[in-house]
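2 protein chains.
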Amino acid sequence: MYSNILRHPGPTPIPKKVQLAMSQDIISHRSEEFVKLFRETTNRVKPIFGTKQEILLLPSGGTAALEAAVVNTVSPGEEVVVVSIGAFGDYFVSICEKHGFHAHVLRKPWGEACTSEDLATFLEPLSNIKAVFVTYNETSTGILNPVKELAKVVREKSDALFIVDGVSCIGGVPVKMDQWGIDILVTGSQKAMMLPPGLAFVSVSDRAWKVIEENKTSAYYLNLLSYREWAQKGMTPNTPAITLIYGLSAACDLIEAEGFDQTVARHELMKDMVRAAMKALSIGVLTSDEYASPTITAIMAPEGINLSQFLGHLKKQYHLDFAGGLGELQGKIFRFGHMGYCFPSDILQAISLIEAGLQDFNYSFEPAAGISAAQKVFLEAQKK
Amino acid sequence: MYSNILRHPGPTPIPKKVQLAMSQDIISHRSEEFVKLFRETTNRVKPIFGTKQEILLLPSGGTAALEAAVVNTVSPGEEVVVVSIGAFGDYFVSICEKHGFHAHVLRKPWGEACTSEDLATFLEPLSNIKAVFVTYNETSTGILNPVKELAKVVREKSDALFIVDGVSCIGGVPVKMDQWGIDILVTGSQKAMMLPPGLAFVSVSDRAWKVIEENKTSAYYLNLLSYREWAQKGMTPNTPAITLIYGLSAACDLIEAEGFDQTVARHELMKDMVRAAMKALSIGVLTSDEYASPTITAIMAPEGINLSQFLGHLKKQYHLDFAGGLGELQGKIFRFGHMGYCFPSDILQAISLIEAGLQDFNYSFEPAAGISAAQKVFLEAQKK
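Here the protein sequences come in this chain order: A and B.
The first sequence begins at 446 in our numbering and counts up one residue at a time.
The second sequence begins at 446 in our numbering and counts up one residue at a time.
One chain only, chain A, in its complex shape (with noise of 0.2 Å):
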């Protein structure tokens, strides 16, 4: 009876908007009102990208935008920088070597970002590099790399194209594809955009239009030049994700109804919320400040707290529903994600119930720690 509530850094709750949207009848994706609902809505997408750029929808889980990036760019041989910060950089390093490219993979521990300083070290003793992979949003630790520091560095050493994994952020963080100098820049349905899983969207550079045009990829399903092919038309090479593509122009609705900027600084400020309950109540989150992701938080165990066991334990008790750790932070942080259809008073509720369960399992605090930080710092922001 109790309703679930959803904190994972994806898939995150759709909005009931989004639902009604997508429960209207099919239409063909081959009629004149399909040609108009795909227009409008990839044009709405564009600002979030920060491009002018066409937006292709691919019927499909991110990671198959993910390779579609990859293999319509770089043939096998061909050499790459992959940046790994963890579980969702290391997929990259799978895709690519695969795929048989050659790839030098610039590892920082998880937990921390890949600075600027970091790439431009690693990318000076390389040459013929094709291209280099950057996740911006790493879910498995909860940084925010610096994507617009890094496609510059990319841009002054050297000639590859800078291919953005922006699955767990785009739509909740700012980017401006075009102005930064990102070539592909790609996210999913199922995080910040606020729609269920099944539905990715890549965005392509003029520079990258040229490697594809060029590239002897044997992709077929993700192949980027059919994509765009059809999108001139209005259209997709197959069968689109059409309720998907409904609820996507029902969750631009309600950006635009927020405004972007908007978006963005609310996303800012439940990171805000969360980093100071967690610092009120003694708890570590695994990254710094600077870095920090505005959609999702690495929390570390509560001291003295078997983690599996209090996961388990707010779920059955309160209903509230975290992510636990990947690979080698499985056990020692769980994931609180905060984006999408995710609001200040979420958050409040959340630490409510972690606050809760910590007096479950007798941790010690002075109660109402965390709740009264994250209050402060909403009330705060009304202020501004």
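Since the hints were made in silico from the structure, they are not lab data.
A hint or two may mislead.
Which copy? The list can't say, so a pair holds if one copy fits it or any two copies do.
As the list claims (entries may be wrong) - Listed below are the simulated BS3-like cross-link pairs for lysine-lysine, each with C-alpha atoms no more than 30 Å apart in a straight line:
| no. | residue 1 | residue 2 |
| --- | --- | --- |
| 1 | K462 | K678 |
| 2 | K553 | K575 |
| 3 | K481 | K828 |
| 4 | K621 | K497 |
| 5 | K821 | K760 |
| 6 | K497 | K602 |
| 7 | K543 | K661 |
| 8 | K575 | K821 |
| 9 | K481 | K462 |
| 10 | K829 | K491 |
| 11 | K661 | K777 |
| 12 | K575 | K543 |
| 13 | K760 | K462 |
Chain A is already provided as a structure; the job is to place chain B on it using the hints.
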């Protein structure tokens, strides 16, 4: 205001119960709730496939699943046979060529089936064929290939895997994957399965798994071994199309409530009604009775009528939405989809409106001849 009567061969209308199921709250794809949903739902699809094998669910269109079937079993330079009797067979050829497979193409004129004799003769001089690809239901022409017989020929005449594209028919026609000897069977969500686009289904025989285990495909997102590995845990390698799996569960409710044999009989009946009506109206159909598809009928332009104008008129005036012809059949046929959430009453409605349109175009016919013929077939079926 008028509701659009979508009679395309996919995407098809969505039952309200499916829409409502898809509006449930999103859950984590790594939760016990998801594992239960995934296991229960995929088990319910097995009888529709006629298999005891796992049903793998890809968050993608059917085309991606077809490509997965190809790239996971065949390697560049290897020889395959593709049976192409229309546009979707040609799709398969394109996929094979894109991947550098040597495709021997058995082509039949559009509107004809591939018989077991055709295939036996074609296979005779060939050796070392790795796989034979066949479209079960050719959506561009409305032909249901005799897949049961073709499977037998493949087994007798070669060691090749037999791979079947069931996209536009599975859920509405009989298929016994295990018994007939189909090695890989693929379908999509947006046809007879009564779901929105975005979910693909793949099932694989033990024999094909052995080949896949040896295959060195570079595919990452479409890697079937990953899907199998995760399916054994009741999950998918990446974020699945959760809402569509909720919807699939509701679609299974509907099919089980009707009884799958009855679902198949309903599709057969709808086909017979459409064909009887066209005959009574002296309007041709593209295909012979023997191989006529139970899910889509390709209807010839009524004599003396400009088809494009006629279809535009039906849509504008009567809100009845048919698909036109593809490729060489453009302007010559229209395609009447009768699959999934479509009932004999819908056929009566559509035929009535076709007759209205014919009157508007001064086509000469005995009033109500088509609808009477369809009614007769319908009433006779009630007596059985």
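Status of the hints after comparison with the structure:
For the homomeric pair K462 and K678, the shortest alpha-carbon distance inside one copy (28 Å) is at most 30 Å, but the shortest distance between copies (34 Å) is not. For the identical chains of this complex, K553 and K575 are intra-copy neighbours only, at 21 Å inside a copy versus 45 Å across copies, given an alpha-carbon limit of 30 Å. Proximity of K481 and K828 under a CA criterion of 30 Å is satisfied in neither setting, with 41 Å inside one chain copy and 47 Å between copies. With identical chains, the CA atoms of K621 and K497 are at most 30 Å apart within one copy only, with a shortest distance of 10 Å there and 50 Å across copies.
When the C-alpha separation of K821 and K760 is checked against a cutoff of 30 Å, the pair qualifies only within one copy, where the shortest distance is 27 Å, while the shortest distance between copies is 59 Å. In the homo-oligomer, the alpha carbons of K497 and K602 lie at most 30 Å apart inside one protomer (25 Å), although the nearest pairing across protomers, at 56 Å, exceeds that limit. Within a single copy, K543 and K661 get their C-alpha atoms as close as 17 Å, and across copies as close as 9 Å, so both meet the 30 Å cut-off. Proximity of K575 and K821 under a CA criterion of 30 Å is satisfied in neither setting, with 48 Å inside one chain copy and 67 Å between copies.
In this assembly of identical chains, the alpha carbons of K481 and K462 lie at most 30 Å apart whether taken from the same copy (20 Å) or from different copies (28 Å). Taking the closest pair of Cα atoms, K829 and K491 come within 30 Å of each other only inside a single copy of the chain (28 Å); across copies the shortest separation is 58 Å, beyond that limit. With identical chains, the CA atoms of K661 and K777 are never at most 30 Å apart, being 44 Å at best within one copy and 36 Å at best between copies. When the C-alpha separation of K575 and K543 is checked against a cutoff of 30 Å, the pair qualifies both within a copy, at 17 Å, and between copies, at 23 Å.
For the identical chains of this complex, K760 and K462 are neighbours both inside a copy (27 Å) and across copies (29 Å), given an alpha-carbon limit of 30 Å.
Hint compliance for this structure: hints 3, 8 and 11 are not met, and every other hint is.
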